[in-house]
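Trainee: Sequence:
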Amino acid sequence: MSLEKFRRTRMVVLNQRSMAYQAVRAMTDNHIGAVLVSQPRGGLAGILTDRDLALAVLGGELDPKTTPVGEVMSEDVVTCDIGADLGEVVRLMRGHGVRRIPLMEGDRPVGLVTFDDLVLDGSVGLDALRGIVEAQLEVEAPHKPAGMLHPQALATTQGRARALMRAKSRAESTYNRMVGAVAEASGQHRDPAERALLLTLCMLCRRLSPEEAQHLVAQLPSLLQPQLDGCLDGPDRAVTTRAIEDKLAKSLGLEPAAAGACLRAVMKVIARSVSPGQIAEVRGQLPEEMKALLPLAT
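Going left to right, the sequence shown walks through residues 17 to 314 as the working numbering numbers them.
Worth flagging that the hints you see were computed from the coordinates, not collected in a lab. All values reported here derive from a predicted model rather than from experimental measurement. There may be inaccurate statements among the hints.
To be verified - Restricting the straight-line Cα-Cα distance to at most 20 Å, the calculated cross-link-like pairs of lysine to any residue (SDA-like) are:
hint, residue 1, residue 2
1, K184, L240
2, K81, R41
3, K81, D45
4, K284, L309
5, K81, L244
6, K284, M306
7, K284, E200
8, K307, A254
9, K307, T257
10, K184, Q301
11, K284, Q301
12, K81, Q301
13, K307, S291
14, K184, E77
15, K81, V29
16, K81, A254
17, K284, G300
18, K81, K263
19, K284, D45
20, K263, D207
21, K284, L312
22, K81, I98
23, K307, D207
Said to hold, decoys possible - Cβ pair distances, simulated, as ranges:
hint, residue 1, residue 2, range
24, D207, D132, 29 to 35 Å
25, P242, T25, 41 to 47 Å
26, D207, S185, 40 to 46 Å
27, G58, V135, 41 to 47 Å
28, H112, P292, 33 to 39 Å
Ideal Cβ positions, reconstructed from N, Cα and C, are used throughout, including at glycine.
Please construct the entire structure, taking both the sequences and the accompanying hints into account.
Mentor: This is the structure we're talking about:
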């Protein structure tokens with residue numbers, strides 16, 4: 017049976033920098049149990065379900081307003097081409113123990129098939145539906161061996177620790193990707209690239225009002241946020257392009273021209289790492305000579 021009936025004219029897709037709270041609002045407003053998460057250059061980075069939010073955010077005692085969805089989403093999203101048939105969706109759900117399969121046309125999500133859709137559709141037999149449920153229930157957990165349908169003991173403490181470790185791992189990965197992007201763009205090794213990122217962000221935040229600086233910091237990787245707590249005391253109009261370049265030159269031992277190139281590289285990474293709307297707000301508080309450092313997305 018064709019999957020065209022599951023094509024949707026509107027898909028709820030967030031980017032990895034969206035906050036967990038925004039995902040909750042999107043689920044509430046659209047009466048859905050999951051949102052898709054996009055990659056910067058097309059395709060899907062993952063999927064975030066209401067269960068992910070409960071286990072990783074609530075279970076890990078994370079702040080939903082400052083936790084990016086990229087740190088708590090499920091990365092191993094199983095997709096299916098829109099040109100396949102319903103039998104392939106059933107096979108994927110059963111083989112991977114999942115209840116939702118995004119439908120793709122190239123690298124673009126154009127639909128979603130859920131287990132509930134299969135139940136309501138009526139064209140999938142009871143044995144196939146039972147197999148999907150059993151496959152999901154048989155997934156291994158800390159207190160439930162693979163193949164078992166029920167846990168052998170209460171998993172509250174260990175489940176909470178597992179969610180916290182998962183969130184921590186995602187946070188470290190997100191932070192490392194941003195530092196790595198700075199290293200690649202600036203030609204610096206990791207340690208100086210990390211110092212350049214922190215120094216530039218701190219001075220940029222000090223040039224902004226405390227409220228605007230907090231909005232910017234909230235969209236950055238969560239491991240960066242506590243390191244910038246002491247940089248929210250602006251606006252300091254002594255922060256200029258030249259002032260930041262001088263700090264970079266002194267901290268990293270760079271010549272003036274190299275410090276300028278490093279600053280431009282760091283600023284481009286920052287501009288790619290937060291939403292275009294936030295960059296526009298930040299630019300609105302910068303002097304003309306600094307605006308060119310933060311290019312708007314085209």
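Trainee: Given the proposed pairing of K284 with L312, does the C-alpha separation stay at or below 20 Å?
Mentor: holds (9 Å)
Trainee: Going straight from one Cα to the other, do K284 and Q301 come out at no more than 20 Å?
Mentor: holds (17 Å)
Trainee: Holds or violated: K284 with G300, Cα cutoff 20 Å?
Mentor: Status holds; Cα separation ~17 Å.
Trainee: Regarding the pair K81 and V29, is the alpha-carbon distance no greater than 20 Å?
Mentor: holds (18 Å)
Trainee: K284 and E200: Cα distance at most 20 Å?
Mentor: holds (12 Å)
Trainee: If you draw a straight line from the CA of K81 to the CA of I98, is it 20 Å or shorter?
Mentor: It is violated: about 34 Å lies between the C-alpha atoms, which goes past 20 Å.
Trainee: Taken at face value, is the distance from the CA of L244 to the CA of K81 at most 20 Å?
Mentor: Judged against 20 Å, a Cα distance of about 17 Å means the pair holds.
Trainee: Confirm or reject the claim that H112 and P292 have a C-beta distance inside 33 to 39 Å.
Mentor: This hint holds: roughly 34 Å between Cβ atoms.
Trainee: Regarding the pair K184 and E77, is the alpha-carbon distance no greater than 20 Å?
Mentor: Satisfied, since the Cα-Cα distance of roughly 11 Å is no more than 20 Å.
Trainee: Given the proposed pairing of K263 with D207, does the C-alpha separation stay at or below 20 Å?
Mentor: holds (16 Å)
Trainee: Given the proposed pairing of K81 with K263, does the C-alpha separation stay at or below 20 Å?
Mentor: Roughly 32 Å between the alpha carbons, so the hint for K81 and K263 is violated.
Trainee: For the hint 41 to 47 Å, verify it against the beta carbon of G58 and that of V135.
Mentor: violated (32 Å)
The structure does not agree with the numbered hints 10, 12, 16, 18, 19, 22, 23, 24, 26 and 27 stated previously, though it agrees with the rest.
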